Structure formats: structure tokens, C-alpha cells
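**Student:** Each chain, letter by letter, is given below.
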Amino acid sequence: MFDERSPIYRQIAAQIRADVLSGTLQADEQIMSTTQYAAYYRINPATAAKAFQELVDEGVLYKRRGIGMFVGPDAREALRSEHRRRFFTDVVDPMVAEALAIGIPIEDVIRRITHAADEQISGSTVGETES
Amino acid sequence: MTPQPGSWAIARHRLRLDTAAVVVLWIPFTLVVAAIYVLVGLYGNLSTSVWEQATQAPRWFAGGLGVYLTAVYLPLYITHGQTRRQFATQMPAFVVVLAALLAALITIGFAVERVVYDLGGWLQALERAHLFDGVDQYPVVLLEFWLVFMVWIAAGALVGAAFYRRPGLGLLLVPVVLAIVAAAELAVGTAFFGPFPEPLLTAAGVGLEARPIPVAVITCFTLAVVTAGLTWLVIRDLPIRSQAA
Amino acid sequence: MTMSIEVRDLELRYGNVTALDRLSFRLDGGKIHGLLGRNGSGKTSLLSVMAAFRRATSGDAWIDGQPVFENPDVASDICFIRGEGDTVVHDWPADRVKDALAFASTFRPAWDSDYATALVDRFRLPLKKRLGQLSRGQRSALGITLGLASRAPLTMFDESYLGMDAPSRYVFYDELLADFMAHPRTFVISTHLIEEVSSLFEEVVIIDEGQLVLHESAEELRARGAAVTGPTEQVARFAQGLTILGDKQLGPTRSVMVYGELDDGQIELARESGLELGPIALQDLFVHLTESRGRTS
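Protein chains in written order, with the numbering used here: chain S, 18 to 148; chain V, 209 to 453; chain D, -15 to 281.
Hints were generated in silico from the structure; no laboratory data involved.
There could be a bad hint or two in this list.
[Said to hold, decoys possible] Ranges between beta-carbon positions, derived for each pair:
| no. | chain 1 | residue 1 | chain 2 | residue 2 | range |
| --- | --- | --- | --- | --- | --- |
| 1 | D | 43 | S | 74 | 32 to 42 angstroms |
| 2 | D | -5 | V | 375 | 24 to 34 angstroms |
| 3 | D | 146 | V | 248 | 53 to 63 angstroms |
[As the list claims (entries may be wrong)] Below, simulated SDA-like cross-link-like pairs (lysine to any residue); rule was C-alpha separation at most 25 angstroms, straight line:
| no. | chain 1 | residue 1 | chain 2 | residue 2 |
| --- | --- | --- | --- | --- |
| 4 | D | 112 | V | 230 |
| 5 | S | 80 | S | 129 |
| 6 | D | 15 | S | 70 |
| 7 | S | 80 | D | 15 |
The structure displayed is predicted, hence computed values, not measured ones.
A virtual CB, placed ideally from N, CA and C, is assigned to each residue, including glycine.
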């Protein structure tokens, strides 16, 4: 269900982006209509429409008149590039800052990263680690 | 705009519901009166019309119906999307018809009593003055009670609206409404309810005989119209209170 | 058919008490609007004026551009369900559930009997029972049935779920949404159960002490506040110059609720200062907006 403390349309949009990224939603697949979203989550259909509009503007969704909303053919790739772009600024840099602040040697961090990557690659049965 | 409920919807609605109520209540009422006949006949002497006395109760019923019209039904019509003006326009027509219905029932009662008294050999004497000299003047009987019931219903509606608007206003209008009803009764004969007993009237020099029919008709119609006008003043911007209050 | 609402300089006074104080706003047709306000804020008075139950002391209300008071062209298109519904409870002997439905059926032009029957079944209302014998929750459910089945182009509910348990309230929200999507009309819902109902709203109007506090889209309102938490010094410095709705201190930690969207620069600054940013619930925003009206920030 939705966290009542932030705009619902943002949460819907974030959920759709995550589903596209993970492959749960395929390219050119139709998503639930605003009516279905509204009934299922008990929200105003305009809220779902707002989320869709944002995603259309981003190029993640496109609209087929009279039919519904569909996942863009290049949506997944576009989202991945965006995530990749922000991964270093949003995830790595803050991690480095925190490590330095707590006093962890950077070599220890690097060693841990490599170790974790080995573990996850050998342990996982699904998933691509290479783009 | 979406289509409206149909013209005169309020009047038709009330006619449907209230005539049914009248007919349903009339049966027990006549049964009670019949019981009184039996009692008086067994233990006393039937020398006057019992039905004449019995016409007291229907007057109060008419007054009560008037109170219900404004104090109970008007707010319902407003909360269901009608206007106060629509109500005020349609109610006179409804009141005229309902008063005629009640008057007809009374007249039929007199006729039935006449037959019963003839069979029993009793005298169907009238104790008060009326527009009619004898009970067999059925059109006049009908007219008298039609006039009287119209004014009683209108008077009830006025005081009901006033009390709904503000209890203080209601109290203020109680003497006014009593005076209106008394005037109508005096026009058709004698007022024979509480506040105006006959000795007082005689002392005041008010004649106890009925007025000429045209005078009675004009008086009662004027009273009804004036009462309706006063009621309109009370209801035309009537705030509708919440029932939960 | 949907109806827009406009209110201009609306005033309602009862003797010395001013219930509505020069209210002005405009609501688009075809949307679900939320009307929020504390007890005594004027919600019921406002809706009563909009429904022509009362006449304003001054100022006007228009429905679809037409004045609303005593206007037969729009009167039957407006359905206002106040509390448990103003229906046939005093109309003995015609005071049963089925009588209430029959009354509405006669006077609501767009009344849908089948829909009403379905709702009565869903809420499990006994048709033959007298209104006076229904529980409060059942009375509310009847009011909701009357409002929804009326299909009135402007339908307003004023705290119409009192006494209803949570499952029944969710039936109401589901039915409201479903019917709104199938048969669009304008809804105005007043409530104090903000967190439960607010996801239904497209726009929100907040009034307090008879005055308009705010009117905007529900989603924009949700984005309009942030809770800033961290060491007291940093928080104080960050919050300088911002509109503060509330303030909490616990040990060395301070949490401040600010009103107004934070731009990217501020978000960056917060992160650098080691401050945590979180959203505020609509309910909290509402509480603070109506609490702080006495003091300017």
C-alpha cells in the first residue's frame, strides 16, 4: 500500500520505474489503467493519471489513444543509464564519505566490495551483472 | 440540467400519502364514534346528533396535519432538492383538495347518522348553529366543513413553520393562530373549542348564529389566504436544521 | 453531467457568531474534492449554504454559474447528505428504510433503484426497519446509499460515516470511487479522518474559523512539507528563514516541520549537514496549518 506521507503519484511512478528496471514490466507491455489503479489502491484516478503523465514526459511510458498506457521500447535502457549515472553520486560518494568519517581504511572498503561481488555472482542463479 | 421530478410533484406526493393516511385513520375514528352511539343508546337517550360532537377531533387532526406539513415535510422536500417556493405554490392546491376530502367524509357521516337515527326513531337535533339548517342540506354541510378544515390546516401550517424556525416565534403565533381559527368558526357558526366558550361570546355581544353563506365563504377564504401569506413569510428563507441536532 | 462550484465573499452569521468569514474559492466539476477543517471550522455551514439549506448572510454561491439559493433549475441536481442523512425519520408511519428510498426515488431525477438495492444489500440494511431503530452506523450507511444512488451531479457528504466500522467505511470509499469512475459527477467530502480518506481527493480545501486556509491539489499539498531532523545546531541553521510549522526536541536531536517545498540546493545542503529529510503526513500538515493560524511564522 502507499506511504501516506508523500505524494502518491511519486510512489506509483517509482514503482513502475522499478518494475521496468527489473524486467517485471516488459517493453511495449500495457500497464494497469488509471481506473484499475484507482480501484485497486483506493486512490483518485487523477493521481494515477498524474504519475502516468510524468512517466510519459520522461519517456518511460507512451499512450495509445483509446487503449491505454504502454511501456516504452527503450524505457528499460534509459532508466538503467540514469541509475548508472546517479549510482556513483548517490551511492558510492556518500559511502566513501561515511567510511572516512567513521575511520575505516579505504583499502578495507575496496576489499569488501570485491569480496561481496564474488559472493553475489557465484551465489545468484538469475540476473545479469554485465550490461 | 437533468430532468425534473415532474410538475406538481410535491402536491401529488402529499395527496398520495395523506389521503391514504386519512382513510386509514378514519376507520378507527368512526368505530369509536359508533361505540359511543351504542353506549349512549343503551344507557341514555339519543336526542341529539352525536356525529356533530364528533367533528371536534377531525378539526384537530386537520390542524395537526398542517403542523406536519411545514414542520416535518417541508424540510424533507428541501433536503431532497425542491425549493421553498415550489412547496408554497403547490400546498394551497393540496390543502383545498384534502379539506374537501375530509369535508366529504364528514358529510357522509351525517348522512349515515340520519339513516341510523331514522331507523331507531331518534331525533337528529343539532346543538349548535351552522351554515345549514338541516343535515339534509348536504352541499351546505360539505361547504361549511370544507371552509373550516381549510383554515385549520392552514393555521397548523403557520404555527408549525413558526415553531420550526424558532420556538419563540412559534409561541408568539399561537394566539394569532387561535384567533384565526376562532374567526373561521364564528363565521360558520359558533366556535366550540376551549378558549372561546359561549358565555364569554354572549357577554361580548358576539352573535351565536351563523353568518350568511357568502360572508362565511369570503371570511374563511380571506383567513386562509392571509394565513398562507404569513406562512410564506416564515418559510421563504427557512434554514433547514440538521435532524441530528 | 458535472457541476462546478463557485463561492464569493461568502459570509454566514448566526447572531454574534461568524460561521463563514468572506470565503471565496472555485471548485472544478467532475472531481472529488476534500473539505477539511476542525470541529466548528464552518464545514457544515459552508456545505449547507452550497446546498441551499441556508441562505448566506452576504456573498453568493453559484453552481455551474447559477445562484444556488431557491433555484429550481439546480436544486434537484444537488444532493447533500449531512451526518446520517436528512430523511424520513420523523415521518411516522412512513419512516422505514424502504420509505426513505422511495422518497428519494420520487424526487431525485437521476435516481438508480438497482444501484440503491445493491448498496442496501452491501451494507446489509433491513428494508422494513424503522429509521429510529437503526444503529448509528446503519443510519450513516443509509445516508451514503441515498447520496450515491441519487447520482446527483453535485453530491456532498458531510462526515457521513459516523458510527460506521472500518470495513463499512472502506465499502463506502470503494463504492464512491467505483461510481465516480463509472458515472462522473462532482463530489465534495468533508471529513476529519484525513489519512483514511485523503487518497480519494483530487483537490483539497482547508477552512478554519470560517476562513479559507488553503485550496490546492492533494498531491501538491502532500509534497509541501518536510520534517528536518538532526543535531540541534544544524537544524536551526538549516531552518532559518523557512516557514516552521512545528518543533520537537529530544535530547541533542531536534526535529522541525517546515512548510514549503525544498529545492535541490536545500536538499543537498541538508545531506551535507548530516540532516535527515522526511515527508509529513497530510494529517500533520493539516493540524499544523490550522493550529498555527493564531501565530504568524
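**Student:** Now, for every hint given, state plainly whether the structure supports it.
**Tutor:** Verification of the hints:
no. : hint                              : in the structure
1   : D:43 x S:74: 32 to 42 angstroms   : holds (40 angstroms)
2   : D:-5 x V:375: 24 to 34 angstroms  : holds (26 angstroms)
3   : D:146 x V:248: 53 to 63 angstroms : holds (56 angstroms)
4   : D:112 x V:230                     : holds (22 angstroms)
5   : S:80 x S:129                      : violated (45 angstroms)
6   : D:15 x S:70                       : holds (18 angstroms)
7   : S:80 x D:15                       : holds (23 angstroms)
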